[in-house]
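*Asks:* Could you build all of it, start to finish, from the sequences and the hints given here?
If you read the sequences in order, they're chains A and B.
Numbering follows our numbering, in which position 142 of the first sequence is assigned residue number 132; successive positions increment by one, without gaps.
Numbering follows our numbering, in which position 160 of the second sequence is assigned residue number 403; successive positions increment by one, without gaps.
Think of the hints as simulated: they come from the structure by calculation, not from any bench.
Only part of the chain A face toward chain B is listed, based on derived beta-carbon distances under 10 angstroms: (1) I37; (2) E39; (3) E113; (4) Q117; (5) A124; (6) I187; (7) R192; (8) G228; (9) G242.
In silico lysine-lysine, DSBU-like type, Cα no more than 35 angstroms apart, as pairs: (10) B/K519 x A/K62; (11) B/K764 x A/K1; (12) A/K62 x B/K618; (13) A/K54 x B/K519; (14) B/K619 x B/K417; (15) B/K599 x B/K619; (16) B/K367 x A/K67; (17) B/K599 x B/K386; (18) B/K642 x B/K619; (19) B/K407 x B/K386; (20) A/K1 x B/K762; (21) A/K1 x B/K759; (22) A/K62 x B/K502; (23) B/K519 x A/K67; (24) B/K473 x B/K619; (25) B/K519 x A/K52; (26) B/K619 x A/K62; (27) B/K444 x B/K407; (28) B/K282 x A/K67.
Heads up, the beta-carbon is just placed ideally off N, CA and C, and yes, glycines get one too.
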Amino acid sequence: MSWSTLTAPSKARVLGLLLSCVLVIASLSVLSVKGLNFGLDFTGGYITEINTTSVTTIADLKAKLSPEVASKLAISKAGEYHFVLREAPEASKASTWQAELNEQGVDYSVLSSSFLGSQVGDELFEQGCLALFAALIAIMVYLAVRFEWRLAVGSVVALLHDLILVLGLFSLLGLEFNLTVLASLLAIIGYSLNDSIIVGDRVRELLRIQPDNQRINTHVVINDAIGSTLTRTLITSGTTLATIACIWLLAGAALTGFAIALFVGIVVGTFSSICIAATLPQLLGLSSENYTQTLDDKTKAYMEMP
Amino acid sequence: MSHKSKPALWRRLKMSYVAMIAACILLAVSALPNLYPNKSWLHISLPDQTVTLQSVTTSLNQHGFEVTEANDSQAQLAILLAEPTQSANALSFIKTQYPQLEAKIVEHATSPQWLQQLGLSPIKLGLDLNGGVLFVLDVDLDKAMQEHLNSVYQQTKLTLRKDKIRGIRASEVKDGVELQILPSGEEQLAGLVSTLQGQFKGLMQTKSTTNNLTTVLLHFNEQSQNEFNKQVMAQSLTTLRGRIEELGITEAVTQRQGKQRIRIELPGVQDPSEAKRIIGATATLDFYQVVEVGGKAFNVQGGGVVNLNPMAIFSGDHINNASVGKDEWGKPLVQLSLDSQGGDAMSAFSKHNIGKPMATVYSEYSRDANGDVVKKSEVINVANIAQHLSSRFSITNMKSPQAAYDLALLLRAGSLTAPVTIVQEQTIGPSLGSENIEHGLAALMLGIGITLAFMALWYRRLGLIANIALLLNLTALVGLMSLLPGVVLTLPGIAGLVLTIGMAVDTNVIIFERIKEEKRKGRPTYQAIEQGYNQAFTTIFDANVTTMITAIILYAIGYGPVKGFAITLALGLLTSVFTGVYISKALSQTLYIKLTNLTGAKA
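*Replies:* As structure tokens, this is what we get:
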């Protein structure tokens, strides 16, 4: 298949695929340089959230503490009067900052406090990776049984693309990667496939009903399939994105990372379902013959039955 | 359409309609209790008439706990605070103010009587929504096994001495007890091993002979080790549940997490320090005979060493009840009552040892700087046995009333056989919890609003059906979550609900787009609907299976909030297929066609 024979939508898809490749390479290089900002769930340590009206900036709060105590604390601001203090897991729990703040007459209330042993953090990380791999393998098996292998490969590549781009963005912006973000990655796997499958289903259907004598180019069939599912894809992505935006804006800091990951995941997932999941099978040589073959086998088996 | 087939078709349709309506009503009724959230009450039991309801409420009111309702019934007070999130603080206040009273927090349902009689209750809220304390404990199974092997060793030595067996020498090795048998001891080996096997279930022997010397390794194989681990975990869980009950927390969740972890959620608790002191405590009490020569050296509290017979007379396991008291000099003591086995051991021992000393050893596990578990044992009391003791006696010489109170509590709830350490601890303030609920619900409402508005505008009449299906979906999901035991709603769970709403629309969108397409091909409305639903079903099925796979995997590996997300996601998929495919098909076939027939000429 040469470039000149492709119609405009097909050209756009191939260009989109190239763009995806560039983005994946960029994400991977950001990930390898900056890494991920792992949260308490994976590193272990102490996190205390406090509410105080006595101090307004991080610098003020640090000034109230002695230098050796302040150097062990990572302080961030989660809202007006709302601070988050982090300590390494080795620190003793009777940490001195609370005593020092009391001494300085800082009036504060503890909203929440957590401690996680570093060993537990490592285990959670291992389990998380295991879950991701288990999900990927289970889905590949399901797709291999359910679909023609070229479509299955397209869906899986699209899926990996979505995950890598989300991770890349988290690395680039230095957003905290915790257990709920990991959960959202698994949810992205589900939704990304959802889109790919719906396009793939339609491709399969259109290829099957094509009469042998009037066979047209596969890429045209794929364009038709995308065209007829485009409204659905846009509506579903739109309503889902709208609800996720609600979580992002209203559900509070605890779910911000989760919402960002899902939001980005669904945007790139919609893009990849068209540019990767549907385009890659075409480049791999998908044609209606792949389906007539299977039909023939079935018919043969049927006829051989006594 | 022929006249013959029509009644049969209608009958079939009606049967499925009845089933659907029944399912919807069932789930809707199950969802109802969520409109009436539970309230936490304080229950205080009065052993005598010294404290009255009046005095308790007055002192609560004076200390900033506003009481809105208080009842007095059959030696029990029930108090409802204006600010139920304050209940845990009020509980600890009552405990310090009236140490003789037993108080606990009990959740009261506020739903109508008939709902309660059906056994329906609101969805359980996770810690992040309710506020409270979470502990994850690590149970040191290796240490427990080591202790177990040590007691095999001690028992072996004791049996060798008691039965006057010569020619067999026992020594402790890494994973068992090694017996070295000289030719003179070979006859007695079988008897010794069977005695030990009678005492320790699953004890195995491996024989090897080098030159003239036979060595036997007594050990536990993998199967009996697993059995032992399971037993230790079960025992630890029971003990911890007992301790939490002693603390007066009734809604606690105590469950095993992974191979050797225990997860404890204490909703409503705000100060983790008391719970931590009691839950993490590994204190055990054992009673030993003091010997003049030989034996094992133990440190005495406050300095000094005393030699004790290494086999305990009996251990803290045999204590039935323990309470705090004072001796004639006003010093705190702990009064014990033993079970029959402990009582027999005590009786037999004290009868033969009147006038001789007996030691009480208090042991506690802690972690050293390397993170290894070390057992610290201390003799807290050496007393001469004045008389023939039976199942009731006291331990004196307690350091403080607090120490006596804690020891009594721990002895009542049973001791932990394996050392535990807290590996995760989380405290969520009640204000953060209610803030989370508010935020989550706001996101849910806005999400639903946007989706409903969009569907109504985009699909008009079909959109109405989709919206009915969507609201039914939400009701069914909430109903299902309330109905199933063990389902907990967390903040990510609410996010799962919001997502389900966004995704549930997908099912309808796929179908409606199909119906539109079929209509464009020139099919009549009824056929287009039929075709649309049938053709879309495989696609919907495929799409949902993959999401279901990820939800199941998330459920299997996740804990706490993540599990809550996985549950809502999975249940949401089920209900969205039910409402999005079956119910909206039924609705389209009846409602939509009627609507189109009414306005059909224009459309």
